[in-house]
Amino acid sequence: MPKRVGLEYINNPQFTNIDAMENLIEQLVTVTINGKEIKAPPSLSTIQALWYAGYPRVQSVGCLEGVCGSCRILVRRAESTEVTMALGCQTLLEEGMEVNFLVFPTPTHHTYNLEEIPNSWEVQTEFHRIFPEAVNCRSCNGCNKSCPKDIQVKEGVALASKGKFQEAGELFVECVMCNFCMTACPEYISPNHVGLFSRRVTAYFHTRPSNLINRLEVMRKGELKIEIDQD
Amino acid sequence: MEELNQVLLRKEVRVGADLDVWLEHGGGEGLKAALQDPTAIIPQIKEAGLRGLGGSGFPTYKKWEFVAGNHGEEKYLICNGNEDEPGTFKDCILLEETPHQVIEGAVIAALATGINQIVFYINPDQEASIASMREAVEQWKASELNQAVTKAIGEEMGYRVMASSGHYIGGEETAAIESVEGKFPFPRGRPPFPAESGVHGKPTLVNNIETLSNVSHILRNGAEWYRNLGIDDTYGTKIYCLSGDVLYPGAYELPMGTRLADLIETYGGGMLQGKFLKAVFTGGPSNTILTPKHLDVHLDFDSVAERRSALGTGAMIVVSEGTGIVKRVTEYVNFFAASSCGQCPPCKTGTYYISLLLSKIDTGQGSRADLDSLINLCKILPNSGRCHLINGAVKVLDSSLYHFMDEYKQAIK
Amino acid sequence: MSITYQEALNNYQPLERREPAVETLSTEELLQQYHPDHYKDAATTLQVGPNRGDQCHHQLADMLQADARIDEADLAGARTRQTDVLVIGGGGAGCAAALVAAKAGARVTLATKLRLGDSNTVMAEGGIQASVEKDDTPQAHYQDTLKAGHFHADKELVASMASDAPEVIRWLIQQGMQFDLDKFGDIMLRRAGGTTADRIAYYRDYTGLEMMRVLRESVKNSNIEVLDYSPAVELMSNQSGRCAGAVISNLKECTFELIKANAVIIATGGIGRMHLNDFPTSNHFGATGDGLVLAYRLGAKMLDLDSFQYHPTGLAHPHHLAGSLITEGIRSAGTYLLNSEGNRFVDELKTRDHVSSAILKECTEGRGIQVGDQATGVWLDTPGLELRNPGLIAQKFPKLVQLGKKCDIDLTTTPLLVYPTLHYQNGGVQIDKNGLSTVPGLYCVGEVSGGIHGRNRIMGNALLDIICFGRRAGAHAAECNRRPGHKKISIEHLSSLRRNLTMAKMPMEQKGPMLFPECAKFEDDSDYDGLHKNRNRKISTT
Chain C
1 MPKRVGLEYI NNPQFTNIDA MENLIEQLVT VTINGKEIKA PPSLSTIQAL
51 WYAGYPRVQS VGCLEGVCGS CRILVRRAES TEVTMALGCQ TLLEEGMEVN
101 FLVFPTPTHH TYNLEEIPNS WEVQTEFHRI FPEAVNCRSC NGCNKSCPKD
151 IQVKEGVALA SKGKFQEAGE LFVECVMCNF CMTACPEYIS PNHVGLFSRR
201 VTAYFHTRPS NLINRLEVMR KGELKIEIDQ D
Chain F
1 MEELNQVLLR KEVRVGADLD VWLEHGGGEG LKAALQDPTA IIPQIKEAGL
51 RGLGGSGFPT YKKWEFVAGN HGEEKYLICN GNEDEPGTFK DCILLEETPH
101 QVIEGAVIAA LATGINQIVF YINPDQEASI ASMREAVEQW KASELNQAVT
151 KAIGEEMGYR VMASSGHYIG GEETAAIESV EGKFPFPRGR PPFPAESGVH
201 GKPTLVNNIE TLSNVSHILR NGAEWYRNLG IDDTYGTKIY CLSGDVLYPG
251 AYELPMGTRL ADLIETYGGG MLQGKFLKAV FTGGPSNTIL TPKHLDVHLD
301 FDSVAERRSA LGTGAMIVVS EGTGIVKRVT EYVNFFAASS CGQCPPCKTG
351 TYYISLLLSK IDTGQGSRAD LDSLINLCKI LPNSGRCHLI NGAVKVLDSS
401 LYHFMDEYKQ AIK
Chain D
1 MSITYQEALN NYQPLERREP AVETLSTEEL LQQYHPDHYK DAATTLQVGP
51 NRGDQCHHQL ADMLQADARI DEADLAGART RQTDVLVIGG GGAGCAAALV
101 AAKAGARVTL ATKLRLGDSN TVMAEGGIQA SVEKDDTPQA HYQDTLKAGH
151 FHADKELVAS MASDAPEVIR WLIQQGMQFD LDKFGDIMLR RAGGTTADRI
201 AYYRDYTGLE MMRVLRESVK NSNIEVLDYS PAVELMSNQS GRCAGAVISN
251 LKECTFELIK ANAVIIATGG IGRMHLNDFP TSNHFGATGD GLVLAYRLGA
301 KMLDLDSFQY HPTGLAHPHH LAGSLITEGI RSAGTYLLNS EGNRFVDELK
351 TRDHVSSAIL KECTEGRGIQ VGDQATGVWL DTPGLELRNP GLIAQKFPKL
401 VQLGKKCDID LTTTPLLVYP TLHYQNGGVQ IDKNGLSTVP GLYCVGEVSG
451 GIHGRNRIMG NALLDIICFG RRAGAHAAEC NRRPGHKKIS IEHLSSLRRN
501 LTMAKMPMEQ KGPMLFPECA KFEDDSDYDG LHKNRNRKIS TT
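Chains as they are written, first to last, in my numbering: chain C, 1 to 231; chain F, 1 to 413; chain D, 1 to 542.
Looking at chain C on its own, in the form it has when it is part of the complex (with noise of 0.2 Å):
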């Protein structure tokens, strides 16, 4: 079995020697990162491939487990044409792949506050003042083939202009935010934003358990109140 090096021998300091990491490696595959060309291991993702080859990386990491949306990548692998996203910690290096980082784009020009909309009947009609542009989707699918979590992006914003925000927003479940939906969007409808406000107002108008509701209740007639033991 061949050995190879590891997240944890660049998380290491003590193997970010690269002798020490040249005795590990038997083979190496050739990319190219932002127009570097770059040999390391299969085994690393596009960031940790530019820090063993010693380029510096300072935007576009985070959280390196994929749920925060920082790295997002275009790759083109070899002896194809087709360009996908991705996001560059979940993304492991393959021969003659082409990778490049993208900077954080332009923030939604939508904005809300839950605070504002007076009852649950009035969200539908707040949710169209705020998203007016949901109800255009051309189904062009460029949200769903972008999505690097394979959430339904589309079918999440048709439920939302029906009104069915709770179903919509659990097709959101695992989206991390990475705003690849919203640059694929030529409508301009920041999907992820009204997948991320579908699941805000359902629990904001509809989640009352009534075991919190009745603990808060007996803590606010003064009961349950800690008592610090001086010892």
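No lab work stands behind these hints: they were computed from the structure. We put the beta carbon where it would ideally sit given N, CA and C, even for glycine. Be aware that one or more of the hints could be misleading.
Calculated lysine-lysine pairs in the PhoX-like style (CA-CA distance at most 25 Å, straight line) [what the hints assert, rightly or not]:
| hint | chain 1 | residue 1 | chain 2 | residue 2 |
| --- | --- | --- | --- | --- |
| 1 | F | K151 | F | K32 |
| 2 | C | K36 | F | K413 |
| 3 | C | K164 | D | K183 |
| 4 | D | K406 | C | K149 |
Sample of chain C residues with no beta-carbon within 12 Å of chain F, all distances over it, derived [said to hold, decoys possible]:
| hint | residue |
| --- | --- |
| 5 | L28 |
| 6 | G54 |
| 7 | N100 |
| 8 | I130 |
Derived, one-sided and incomplete: chain C residues facing chain F with beta-carbon distance under 7 Å [unchecked claim]:
| hint | residue |
| --- | --- |
| 9 | N34 |
| 10 | V83 |
| 11 | L102 |
| 12 | A184 |
| 13 | R208 |
Assemble chains F and D onto chain C, guided by the hints.
Leaving out everything else, chains F and D in the frame of chain C:
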């Protein structure tokens, strides 16, 4: 100067929606010649060397042969007047001022290829063009010539004037087909090719307005006459849309292969305020840039291609010294970014990021890394979409990086 | 000698029942012998600053006693902003503080090193503690927290947190955060290691992600001014030593900016990316302990700087994902830990320091499982859980299932190899119940603060801590600091820092705060030359 506007934009043919005047000045002659032997049309077009003047430069007869070879109860011709690219404004003139020239060319094309449904597909912003074409089509339907056509093909020819969606992408062949079917103009994948399966799955021909406008004249005056219009070994004329920093911008119909310098100096009246020429964006912005060292280039498909640029629609946007190239390219890429239809994410997202990075650099916020990213995107993105929109955006960027790298470098921090 | 991964995998059999562990050492003995805090030479004595003479991890000590990144000269012509409350840090604590302060009417500026929301919060999986069940009480929450922290925590802080907890959950719901609910709409709860009741509210195993995206959206839709890519490099103070703002480096324009404020709230998180004792970490790229350094220099007193949490279940194999966190939720759902002999060796629901030390003991004593030359670990027996509770993993742990897919491992049939990963800084800046440090005008909330968890934190108290004290500090800072602007603001304190360092004969080569992990090569990145101009650039030798 006598070479100016000798065919399509002659004073005598710019008569608007008036069939009688059109016929008085020789209109209808081409169609009559065509009706005598429809099978002779395609060979004549081939002999004339007519090419697609909407930007492709593809030999017209070949397209027609494909469609003629496919059979269907209905066959469609889409006369493409979606024209939306910055700097291009020739089709709207032809549609508004010479509607019968367009109709006659379309009918001859239909006769040659066995088409029985003609759709005039026009940019909705060109209200005058649409009005003029509607009126002209009504006149045409009631004409004796149309009866002769009905007799020749054994059924009523269908005519429809429709406003396109107004999306730039709607000018793409397969997107136009989607539009005619009443859908959003998403370009389709190929195959099948429109010649086999286009509108409602029927064989479909899509030709540019300028291309079709030439047809009646070729049938009337012969292929030889058409070939001799061009300079050297090019054929026919081309309507050049000259705009930007020249004294007399406008649409000039000139022999195909007119030199860039002549277009700017002789017809454009030279540079505005005597400034130096910096660059010319050819064919609208979706092609590469020409610079002062290219002033001697003959403006025909092949000569421009030899300079690693493209003639495109014939638009020539002239830019003088003192104009920021980065700013210009940013504007053009913004146009593509806004026009990308969304179905190919690398195109939509790619143009979005090119536009974002260019804006950053143009406003002095860009870094070396941003410039490197632009250079890299030019390598990664080509051919990643179904249609050529992404390639157009990359081409103008790549070309500007090639010719004006210094300016980009000065603009970054 | 440990056996190899392949060998162990061949030996492994999923079993529904396994005998509980028989532990021979007491927790105290186990920690003394195996916990990384007690490694020989791990700690050193601080030579300068408010904690002079105290024990501190030597890597952290180097940073606390480092030279500043800037001089007066760097500030010439720097842009100046004025605000009421400056929040440094864009994670859960920073957002909560900013939202509450803004709601109370203060002008709020939030400066964050990377983007808003880039933080450990977004990665938290397990959940958030709150005594909500009817047989549970805030008192029990308080006592469990104290006990797990080996009775080392500040009792007033723990009491504040435990009694705030139900209200914190309500506040989060009002921001639009969802929790897993049962069929009656009640909040579902699970149990954390080392506690006496089911007290953890959660949303799948995405609790942190759900919390962070909601708070981020809330901040972005408020009038809070957000400065992203703007790490703070120094605090400023007025003549009486009151904190009066900060110097930030704007990474987008490569310039320094001064932000004058009536109050500063530091919410910069922890230190995982310092890779203490060369451990892998579960932490975010930005977790470099910047706030500790800033606060220490301005004279804020620290607590427990030698105490860190190593989460028992970091992924050990495959290599490229090593260090990734596996939620404690999976153990509270009943998953066992097994050594190479297939035996349980610890009560999996004991506190994190106990379980981690037990894993390190197994590996040291040859009952670990070896991959290649480098990685060792023990089994996390998810197939056993699947046998006892079919379908539970797929239903409740979607993020873990995703991780399994990336490892090419089916969790329902194959166990995962795990090893402790550097997870949390137990200590930090000493604060009162309003998050106020010992420096007037300077608040510290979230992981950067100390005293809340003692010497060991229980699952679910981190998400609670950040929101609880974030809100308290936001409210207090907005309320108590309606005062006219300071007359004279400076970075004078750096002169005394440098004097003290010189007198203590400390090396001055290292500059702090760290800002980015070494592998990011921030110091060598030509993009940021503008921020390096007044320093001799360190030549990297690796």
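Query raised in the report: Looking at the structure, which of the earlier hints fail to hold?
Result: Violated hints: 7 and 13; rest satisfied.
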